[in-house]
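Novice: The whole structure should be built from the sequences, with the hints applied where relevant.
The chain contents come next:
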Amino acid sequence: MNNEVTLLKGNEAIAYAAIRCGADAFFGYPITPQSEIIETLSLLKPWETTGMVVVQAESEVASINMVYGGAGAGKRVFTTSSSPGVALMQEGISFMAGSEIPGVIVNVQRGGPGLGTIQPSQSDYFQATRGGGNGDYNVIVLAPNSVQEMADFMDLAFTLAFRYRNPAMILSDGVIGQMMEKVVLPEQKPRRTEEQIRKECPWATIGRTKDRQPNILTSLELKPEIMEARNIHLQEKYATIREKEVRYETINCEDADYLIVAFGSAARISEKSMEIARGKGEKVGLFRPITLWPFPERQLAEIAKGKKGILVAEINAGQMVEDVRLAINGAVPVEHFGRLGGIVPDPQEIVEALETKMMRK
Amino acid sequence: MTENDIISPENLVYKKPELMNDTPMHYCPGCSHGVVHKLIAEIIEEMGMEEKTVGVSPVGCAVFAYRYLDIDWQEAAHGRAPALATAIKRLWPDRLVFTYQGDGDLACIGTAETIHALNRGEHIAIIFINNAIYGMTGGQMAPTTLIGQKTSTCPYGRDPELHGYPLNITEIASTLRGTCYVSRQSVDTVGSILKAKKAIRKAFEASMKGLGSSLVEIVSTCNSGWKLSPAEANEWMREKMFKEYVKGDLKDTTNLK
Ligand SMILES: Cc1ncc(C[n+]2csc(CCOP(=O)(O)OP(=O)(O)O)c2C)c(N)n1
Ligand code: SF4
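Those protein sequence lines, which keep their order, are chains C and H. In terms of this note's numbering, the first sequence opens at residue 366 and continues consecutively. In terms of this note's numbering, the second sequence opens at residue 312 and continues consecutively.
Think of the hints as simulated: they come from the structure by calculation, not from any bench. Please note: incorrect hints may appear among the correct ones.
Below 20 Å or equal to it, Euclidean Cα-Cα: the simulated EDC-like pairs (lysine to aspartate or glutamate) are [what the hints assert, rightly or not]:
1. C/Lys-672 to C/Glu-662
2. C/Lys-575 to H/Glu-357
3. C/Lys-575 to H/Glu-329
4. C/Lys-645 to C/Glu-714
If you want a taste of the chain C side facing chain H, the calculated C-beta under 10 Å gives, among others [unchecked claim]:
5. Arg-385
6. Phe-392
7. Asn-430
8. Val-432
9. Gly-457
10. Ile-466
11. Ala-569
12. Thr-570
13. Gly-572
14. Lys-575
Model, not experiment: these values are computed from the prediction. Even for Gly, the Cβ is constructed at its ideal location relative to N, Cα and C.
Specialist: Here is the structure:
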């Protein structure tokens with residue numbers, strides 16, 4: 366077991382972890398606050414060690430389509446960007462979902478709309494969890510709350526993407542990307558061999574051998590009956606993912622009167638808010654969705670039973686709160702607290718929101 | 312002479328390439344696409360690359376190219392084929408990777424992906440079908456539409472004041488340091504078909520030898536879009552298109568035959 370502790374930025378952890386989990390290629394375009402990822406990769410020169418390919422693409426449109434091409438050829442391929450760049454990738458992500466191509470996208474979010482700000486935000490929640498491009502589809506979304514989880518989720522994202530032949534996203538933000546923490550990097554795994562790829566990805570386009578039909582990766586179908594059947598197949602796949610891949614964390618939820626529901630950096634801040642509130646004698650717990658899609662709706666509804674109220678703390682104008690309300694379905698009062706424009710709330714503000722919005726103090 | 316004599320090997324003068332299946336093509340009679348498909352299939356077989364080729368099809372009339380050639384295919388979003396091909400080739404360097412794209416796909420919505428893949432010198436071959444119109448969507452103006460040519464979105468003829476000028480992207484490609492072979496051909500006569508085949512073969516070989524990127528433009532007919540009979544379309548192409556899009560090799564640093 367590797368248990369060597371290093372001090373890294375979240376962005377750097379992504380780069381190191383990707384190499385170590387046997388990624389075959391990175392394609393990306395620089396944008397703040399995540400340019401350290403491509404810079405770190407370029408400095409580490411993994412093409413000389415593991416053989417991993419690193420290409421600075423001409424745009425995020427090209428990056429995601431390179432992910433399409435490489436992952437469609439059975440390889441572990443990823444791209445990283447921040448909000449405006451991820452907006453540009455939506456066409457490619459939709460095509461990947463339609464053609465059932467597994468690839469990983471990391472979004473280190475910044476505030477919008479438009480060019481917005483280079484400061485952190487969580488305002489791409491809707492875009493990430495609702496599909497984001499055209500058509501009925503979903504992307505598996507993981508929300509890390511630490512540098513350690515940035516490193517750990519890289520391999521997990523690839524595993525989930527290939528298990529379901531679906532794009533998977535790590536939805537991080539400028540706080541997690543830029544902060545430095547202690548991290549234990551994953552063990553170095555070898556990249557998969559051609560033989561392994563042929564076995565694991567019989568659908569991959571790597572040259573048609575005589576023993577099989579041509580592999581064709583396309584999202585197009587003009588016959589509505591066939592296209593409907595394909596869509597139903599996708600929906601069934603999403604139902605399986607909903608059933609099997611929900612991930613979340615609970616802290617102090619059992620005896621709590623009030624719950625804070627928060628993800629990523631907001632959850633990290635809310636841990637402190639919870640401690641402050643507990644210090645004042647208020648029984649507050651934290652529920653942290655780790656998969657934003659699939660959202661832990663049944664689990665949250667179960668834990669929320671009998672609570673006096675739920676505060677959803679986000680760094681946006683109120684996005685995940687909609688999923689919380691759908692899950693709770695009116696059983697418990699749900700309020701939202703958020704800061705906008707790149708302002709990161711401090712723990713005290715969330716305590717005050719709990720007091721004024723929930724406890725009516 | 313019996314039927315058996317006719318099909319005996321020594322009497323065989325022409326055979327459809329094995330890679331081409333029997334799926335009826337959706338192309339209009341007289342369209343150039345089908346001929347170019349056949350050439351590609353022949354070349355892959357002649358190079359012995361049947362099991363090692365990945366094609367990338369465009370959005371445009373050739374979107375269904377994957378139905379006709381029994382190789383592995385990826386279908387790209389409109390204009391993005393060179394980005395897909397970049398990754399496939401970088402990750403599987405011993406495979407033959409080519410894109411097949413129309414003028415709208417390659418020279419309009421995908422201009423950036425095309426130029427940058429060529430300029431990076433990716434070891435891929437791009438087959439570019441220039442028919443001066445958007446065939447698939449019903450005959451709108453393309454970046455390569457000629458001045459004065461009528462289409463459904465320039466029904467009074469392309470006017471540079473209103474619509475800008477035809478884009479000679481193959482000339483641009485020939486100035487990029489990443490390209491090793493850039494050629495413009497057509498498939499309207501037996502002679503031109505043979506030349507086009509030679510050009511595509513050179514592009515494929517250059518990509519396998521890692522010499523750089525190649526682009527082969529095929530000046531093509533879209534008789535449906537042009538609203539001409541197949542024979543008239545060939546005439547119109549020779550008379551008008553060959554003036555703007557002059558045939559021949561624009562660049563060749565490959566030293567290949
Ligand atoms: C993003 C996007 N925009 C527009 C279209 C519609 N569209 C499909 S094919 C095409 C043009 C095709 O023309 P060309 O590339 O010249 O190929 P041809 O059909 O002439 O062979 C357009 C505009 C699309 N499919 N996707
Ligand atoms: S519309 Fe034009 S390009 Fe399309 S198949 Fe018909 S002739 Fe060919």
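Novice: For every hint, state whether the structure bears it out.
Specialist: Hints and how they fare:
For the proposed pair C/Lys-672 and C/Glu-662, the alpha carbon gap of about 16 Å is at most 20 Å, so the pair holds. For the given pair, C/Lys-575 sits about 16 Å from H/Glu-357 by alpha-carbon distance, which is consistent with the 20 Å threshold. Restraint check for C/Lys-575 and H/Glu-329: the C-alpha separation of about 12 Å stays at or below 20 Å, so the hint holds. The hinted pair formed by C/Lys-645 and C/Glu-714 meets the criterion: a straight-line CA distance of about 15 Å does not exceed 20 Å.
Because the beta carbon of C/Arg-385 sits about 19 Å from the nearest beta carbon in chain H, more than 10 Å, this interface hint is broken. For C/Phe-392, the shortest C-beta to C-beta distance to chain H is roughly 7 Å, which falls under 10 Å, so the interface hint holds. This hint holds: C/Asn-430 has a C-beta 4 Å from the nearest C-beta of chain H, less than the 10 Å allowed. Satisfaction of the interface hint for C/Val-432 is found here, the shortest Cβ-Cβ separation to chain H being roughly 7 Å, below the 10 Å cut-off.
Nearest Cβ of chain H to the Cβ of C/Gly-457: about 7 Å, under the 10 Å cut. The hint holds. The interface hint given for C/Ile-466 is met, as the beta carbon of that residue sits about 9 Å from the closest beta carbon of chain H, less than 10 Å. Checking C/Ala-569 against chain H by beta carbon gives a least distance of about 8 Å; that is within 10 Å, so the hint holds. About 4 Å separates the beta-carbon of C/Thr-570 from the nearest beta-carbon of chain H, less than 10 Å, and the hint is met.
Nearest Cβ of chain H to the Cβ of C/Gly-572: about 4 Å, under the 10 Å cut. The hint holds. Contact between C/Lys-575 and chain H, as hinted, is supported at the beta carbon level, the nearest pair being about 7 Å apart and thus within 10 Å.
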